[in-house]
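Since the structure of chain Z is already known, use the hints to place chain W with the ligands on it.
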Amino acid sequence: MQSNFRNWPVLLVLFVFSAPLLIMLTFLLVDAFTTKVPGTMIPNGLTFHHFRFLWTDLDDGSWGIWGVTLNTFNFALFTSLSVSAISLTAGYALSRLAFPARGFFLGSLIVLHAFPTVTLIIAIFLILQLLGLYNTLIGVIVVKAALELPFGIWVMKGFYDTVPWEIEMAGVQDGASRFTVWWQLVLPQVQPGLMAILIFSFLSGWSEFILPMVLAPGTEAQVLSTYLATMLLDGGTQADFNLFKAVGLFYALPVIIIYLVFQNKLMNIYGGGTKG
Amino acid sequence: MRISIENFTKTFGDTTVIKDMSLEIRSGEMLALLGPSGCGKSTTLFAICGIHRMNGGRLLFGDKDVTRVSSQKRNVGVVFQNYALYPHMNVFDNIAFPLKVRKETRAEIDRKVQEIANLVHIGELLHRKPAQLSGGQQQRVALARALVREPDILLLDEPLANLDAKLRLEMRSEIRRIQQQTGITAVLVTHDQVEAMSMCDRIAIMDNGKIVQLSSPKEMYEDPTSDFVAGFLGNPPIAFLEGKAAGGGFRLANSEITLPVPSGITIPDHGAAMRFGIRPEFFQPNNGLKLNGKISFVETQGREELYDVMLENGAVLRSIQSQGAGHKLGDEVSWGIAEDRILAFGPDGRRL
Ligand SMILES: Nc1ncnc2c1ncn2[C@@H]1O[C@H](COP(=O)(O)OP(=O)(O)OP(=O)(O)O)[C@@H](O)[C@H]1O
Ligand SMILES: [Mg+2]
Numbered sequence: 001m002q003s004n005f006r007n008w009p010v011l012l013v014l015f016v017f018s019a020p021l022l023i024m025l026t027f028l029l030v031d032a033f034t035t036k037v038p039g040t041m042i043p044n045g046l047t048f049h050h051f052r053f054l055w056t057d058l059d060d061g062s063w064g065i066w067g068v069t070l071n072t073f074n075f076a077l078f079t080s081l082s083v084s085a086i087s088l089t090a091g092y093a094l095s096r097l098a099f100p101a102r103g104f105f106l107g108s109l110i111v112l113h114a115f116p117t118v119t120l121i122i123a124i125f126l127i128l129q130l131l132g133l134y135n136t137l138i139g140v141i142v143v144k145a146a147l148e149l150p151f152g153i154w155v156m157k158g159f160y161d162t163v164p165w166e167i168e169m170a171g172v173q174d175g176a177s178r179f180t181v182w183w184q185l186v187l188p189q190v191q192p193g194l195m196a197i198l199i200f201s202f203l204s205g206w207s208e209f210i211l212p213m214v215l216a217p218g219t220e221a222q223v224l225s226t227y228l229a230t231m232l233l234d235g236g237t238q239a240d241f242n243l244f245k246a247v248g249l250f251y252a253l254p255v256i257i258i259y260l261v262f263q264n265k266l267m268n269i270y271g272g273g274t275k276g
Numbered sequence: 001m002r003i004s005i006e007n008f009t010k011t012f013g014d015t016t017v018i019k020d021m022s023l024e025i026r027s028g029e030m031l032a033l034l035g036p037s038g039c040g041k042s043t044t045l046f047a048i049c050g051i052h053r054m055n056g057g058r059l060l061f062g063d064k065d066v067t068r069v070s071s072q073k074r075n076v077g078v079v080f081q082n083y084a085l086y087p088h089m090n091v092f093d094n095i096a097f098p099l100k101v102r103k104e105t106r107a108e109i110d111r112k113v114q115e116i117a118n119l120v121h122i123g124e125l126l127h128r129k130p131a132q133l134s135g136g137q138q139q140r141v142a143l144a145r146a147l148v149r150e151p152d153i154l155l156l157d158e159p160l161a162n163l164d165a166k167l168r169l170e171m172r173s174e175i176r177r178i179q180q181q182t183g184i185t186a187v188l189v190t191h192d193q194v195e196a197m198s199m200c201d202r203i204a205i206m207d208n209g210k211i212v213q214l215s216s217p218k219e220m221y222e223d224p225t226s227d228f229v230a231g232f233l234g235n236p237p238i239a240f241l242e243g244k245a246a247g248g249g250f251r252l253a254n255s256e257i258t259l260p261v262p263s264g265i266t267i268p269d270h271g272a273a274m275r276f277g278i279r280p281e282f283f284q285p286n287n288g289l290k291l292n293g294k295i296s297f298v299e300t301q302g303r304e305e306l307y308d309v310m311l312e313n314g315a316v317l318r319s320i321q322s323q324g325a326g327h328k329l330g331d332e333v334s335w336g337i338a339e340d341r342i343l344a345f346g347p348d349g350r351r352l
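Order-wise, the sequence lines are chains Z and W.
Last residue of the first sequence: 276 (our numbering), numbering continuous.
Last residue of the second sequence: 352 (our numbering), numbering continuous.
Quick caveat, the hints were computed from the structure, so don't treat them as lab data.
Beta carbons: idealized from backbone N, C-alpha and C, even for Gly.
Check before you lean on any hint, since a few could be wrong.
Label pairs and their computed distance ranges (CB to CB) [what the hints assert, rightly or not]:
{"hint": "1", "chain 1": "Z", "residue 1": "F105", "chain 2": "W", "residue 2": "D164", "range": "42 to 48 Å"}
{"hint": "2", "chain 1": "Z", "residue 1": "F99", "chain 2": "W", "residue 2": "R68", "range": "19 to 25 Å"}
{"hint": "3", "chain 1": "W", "residue 1": "R53", "chain 2": "Z", "residue 2": "D161", "range": "20 to 26 Å"}
{"hint": "4", "chain 1": "Z", "residue 1": "I258", "chain 2": "W", "residue 2": "D65", "range": "54 to 60 Å"}
{"hint": "5", "chain 1": "Z", "residue 1": "I258", "chain 2": "W", "residue 2": "T67", "range": "53 to 59 Å"}
{"hint": "6", "chain 1": "W", "residue 1": "E124", "chain 2": "Z", "residue 2": "P116", "range": "55 to 61 Å"}
{"hint": "7", "chain 1": "W", "residue 1": "D223", "chain 2": "Z", "residue 2": "T89", "range": "56 to 62 Å"}
{"hint": "8", "chain 1": "W", "residue 1": "D164", "chain 2": "Z", "residue 2": "P164", "range": "20 to 26 Å"}
In isolation and in its complexed conformation, chain Z is listed as follows (with noise of 0.2 Å):
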């Protein structure tokens, strides 16, 4: 506590900066459930009105908020799985296995790993439409999982190099099936990389933004971010702010929890593999 006290210009300084954000914080959190005389800052009435998204249909064209949320969580679940199943399998192979141009993929993965995909998205969309994918969830799921998977694998290559060769060997000696192996002895040593990979591409796809609103645009495929924007731009300059503050909190509220619950988890990505 001693060297806390000490550090307070430091804390002075870092407190100026972050205000902003905290001060807009604030003002959306109540403004998402105050009512306000126009052009005065101070609230004059408790109210949930705002929050009627939830329970009504707002006639906007959209599906509705719960058909939106629907997709948006279908988008981060299924990208999440398939990250993680497809990490876990690929981590596997680069860590242990001898084939063929294994340097050459071990290189790719950093290469994509810092690649801007952004520019990659009119390839993406061509390529969407000549499949028949485009303006359809599962699209850009494949997408989303895709681009997210060489950080994935990485990760849990790191994982996997951690577990000692040995332990292997020993289970084959024991009897066991190669499957039966990893299965049992390597994954659960593997286990919190792969909690940390789950979460973080679920939160990754939740908060995906740029790849629906390009590659599935349309109603159907609609996700809560491109709902947000939807309801600024059709609005236009009467836009609903309160009821725009109260949809985003609803989207922001599973992140927070999530991130509440599992931090420690997430932690072990930069932990490389060791327990605490």
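Relative to chain Z, chain W with the ligands alone:
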């Protein structure tokens, strides 16, 4: 179960690690594979258990050719140098794993795990995780896991290397006890000659992927076939005198001294290079064949004292004597070699 390795060859890429090795391990014996680092001991062990595929040659267990049999089907128990316990399972589950893989019944598994745990004295640790065990306890768990499914063969890769000196001594006799009690054929890889001599029935000394000598510890110590083997066994190590054959005797290098060559040793042609190997216990004050020198090093080893004696030509002999003789650094001494214990080697390192 007898193990026969016939003309075993192993290559990694284009380096040949083992070339044309043949070795027979008798049923029920404990054999040590002893040799310097990188000579191919682990490679040989991994070929026996099937982790490495053999590039040439045959491997037989009893009369059965297992060269192409998979690791899983060879029924060989292995203790790895770092024990390779499964960290997420407790001791019981670790030991039970080979039995569970074989789908034995719950009652059967319980009984066998209890039995083997008692044999290696870890009966009260069954609910701990490997991380909560000491090195010696982990070692016992690894041993129990290797033994629990009653393998035909037990392979140990430097099982004691990670233990402290006292524990190593204890586990040495422990492993030997268990091996004899179960009557299993065992191969112990080690680079510690004391371990090999004290634990095993026979020792195979390896150098550069070849077996240079295979005999019992006593025979290997007293009757080595080459200067490499003589130099590898014994602590403190043997000392060598360089010289050449001259007129039926052994002329020390850079000196006028000629030592008589003991009977029973065939002397090479006049002028050929020769070496005498003399173990520290056979260079003592009251032996017959005297040499003059000066004590150049004294090391107290508790019960005994080790002296280095530099001869007039600069060669050094070692002598180990019991405490209390009172020789000091720099003393001029005239000590003797036990003539019948001299080991003579020819120019190619072979025993004469
Ligand atoms: N997978 C491998 N690929 C290439 N070379 C290898 C491989 N495994 C072992 N070697 C080489 O084979 C030789 C023998 O290795 P091995 O592990 O059998 O030695 P060792 O006698 O067990 O030594 P140590 O006492 O250090 O364990 C070494 O020179 C090593 O570099
Ligand atoms: Mg080795």
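**Message:** Tell me if the beta carbons of W/E124 and Z/P116 are separated by a distance inside 55 to 61 Å.
**Reply:** Holds - the Cβ-Cβ distance for W/E124 and Z/P116, about 60 Å, lies within 55 to 61 Å.
**Request:** Note whether the CB distance of Z/I258 and W/T67 lies within 53 to 59 Å or breaks it.
**Result:** Given range 53 to 59 Å: holds, Cβ gap about 54 Å.
**Prompt:** Is the gap between the beta carbons of Z/F105 and W/D164 within 42 to 48 Å?
**Reply:** holds (44 Å)
**Message:** Looking only at beta-carbon atoms, does the pair W/D223, Z/T89 fall within the given range of 56 to 62 Å?
**Reply:** Distance hint for W/D223, Z/T89 holds at roughly 57 Å.
**Request:** Could you tell me whether the CB distance from Z/I258 to W/D65 stays inside 54 to 60 Å?
**Result:** holds (58 Å)
**Asked** Cβ-Cβ distance between W/D164 and Z/P164: within 20 to 26 Å?
**Response** At 22 Å between Cβs, range holds.
**Request:** For the range 20 to 26 Å, tell me whether the beta carbons of W/R53 and Z/D161 fit it or not.
**Result:** Holds: the Cβ-Cβ distance is about 24 Å, inside 20 to 26 Å.
**Asked** Is 19 to 25 Å right for how far apart the beta carbons of Z/F99 and W/R68 are?
**Response** Holds - the Cβ-Cβ distance for Z/F99 and W/R68, about 23 Å, lies within 19 to 25 Å.
Every hint, counting from the list given before, is met by this structure.
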